[in-house]
Amino acid sequence: MAKTHEASSHEQHGSHGSMKSYTIGFVLSIILTIIPIVIVMNSMLSKTATLVVILAMAVLQFAVQLIFFMHLKEGENARWNMMALLLGLIILLTIVAGSIWIMTYNAVAH
Amino acid sequence: MAHAAANHGHGAHGHDHHDHHDQESMKTFGFWIFLITDVILFGTLFATYIVLRGNTNGGPTPEELFQMPGIIAETFILLTSSFTSGIAVLAMNRGNKKQLIGWLAVTAVLGAAFITLEVIEFVHLVNEGATISTSAFLSAFFTLVGTHGLHVSLGLIWMIALMLQLRKRGITPVTKRKVENISLYWHFLDVVWIFVLTVVYLMGVM
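Protein chains in written order, with full-length UniProt numbering: chain Z, 1 to 110; chain X, 1 to 206.
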């Protein structure tokens, strides 16, 4: 994260990112994609462990792309962008977790 | 720190430029809000899929249907196109119109390859008898993955239109904002695909 800031501060205003930050983001994304694929295709871990690892990798990759590709922390609207994103994520988690919860534990559903 | 850098930048610009820039950055923020609403749209589709994925109605299950080699190829193609759309923005920031259009074209070709593979996958599924009306699992599957594919297809049309506009008008504050927005949109679609890969395909075959 410190690196993106350093890289961006050398750029002019209005221009986001640098070749370096995009390359770091791309390499990290590839690694974070290969790990879950290898784990699942070779059935390397137990079911629960696999689930935890692949979901963690997806969330990490989401963060990597937000920071290195979408430049969430840069620009004059950075704070507003972050607030809108947080609102979106709260709604997202409520919908997904709420649906899973109610459909798993509601006896009427079965 | 970002704020300090932004303020410094404003000082260097003329006043008119400043106003114009504010309007464009407001539009980019508006586009960001649209992306957030798209997050919620995909959230409802993911929730539906997760809830219904076990309801196969005696039809094929995810393990039987999904062919991972094609899916893995799609994943890396889309990831690379996300990267090349970033390079296009870098070329634009250097004021290089030719490279900008070139990298957008590379991104569009990769996007088209992704869609082609997805259509091949869907045709294969339908030929296997796994249609959208076969089971609740497949209804949710085709709706979720299809909505993502539709987003990529619309992005392709937008990208081609933007390349034509760039060729005609060059890099102006307006076309610059449009390129930044389409790049955001493309990164966003890649992020959604990562979750499709994880939740639909990897969790389907594990």
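None of these hints come from the bench; they were simulated from the model.
Check the hints yourself; a few may be wrong.
Claimed, not checked - Under the rule of at most 30 angstroms between Cα atoms (straight-line distance), these lysine-lysine pairs were calculated in the DSSO-like manner:
{"id": "1", "chain 1": "X", "residue 1": "Lys97", "chain 2": "Z", "residue 2": "Lys73"}
{"id": "2", "chain 1": "X", "residue 1": "Lys98", "chain 2": "X", "residue 2": "Lys27"}
{"id": "3", "chain 1": "Z", "residue 1": "Lys47", "chain 2": "X", "residue 2": "Lys98"}
{"id": "4", "chain 1": "X", "residue 1": "Lys97", "chain 2": "Z", "residue 2": "Lys20"}
{"id": "5", "chain 1": "X", "residue 1": "Lys178", "chain 2": "X", "residue 2": "Lys97"}
{"id": "6", "chain 1": "Z", "residue 1": "Lys20", "chain 2": "X", "residue 2": "Lys178"}
{"id": "7", "chain 1": "X", "residue 1": "Lys178", "chain 2": "Z", "residue 2": "Lys47"}
{"id": "8", "chain 1": "X", "residue 1": "Lys97", "chain 2": "X", "residue 2": "Lys168"}
{"id": "9", "chain 1": "X", "residue 1": "Lys168", "chain 2": "X", "residue 2": "Lys98"}
{"id": "10", "chain 1": "X", "residue 1": "Lys27", "chain 2": "X", "residue 2": "Lys178"}
{"id": "11", "chain 1": "X", "residue 1": "Lys27", "chain 2": "Z", "residue 2": "Lys73"}
{"id": "12", "chain 1": "Z", "residue 1": "Lys73", "chain 2": "Z", "residue 2": "Lys20"}
{"id": "13", "chain 1": "X", "residue 1": "Lys178", "chain 2": "X", "residue 2": "Lys98"}
{"id": "14", "chain 1": "X", "residue 1": "Lys27", "chain 2": "Z", "residue 2": "Lys20"}
Said to hold, decoys possible - Examples of chain X residues toward chain Z, derived with CB under 8 angstroms:
{"id": "15", "residue": "Val39"}
{"id": "16", "residue": "Thr44"}
{"id": "17", "residue": "Ala47"}
{"id": "18", "residue": "Leu65"}
{"id": "19", "residue": "Phe66"}
{"id": "20", "residue": "Gln67"}
{"id": "21", "residue": "His124"}
{"id": "22", "residue": "Val126"}
Each residue gets a CB set at the ideal place from its N, CA and C atoms; glycine is no exception.
> Looking at the structure, which of the earlier hints fail to hold?
Replying inline: Numbers 3, 7, 18, 19, 20, 21 and 22 - these are the hints that the structure violates, sorted from lowest upward.
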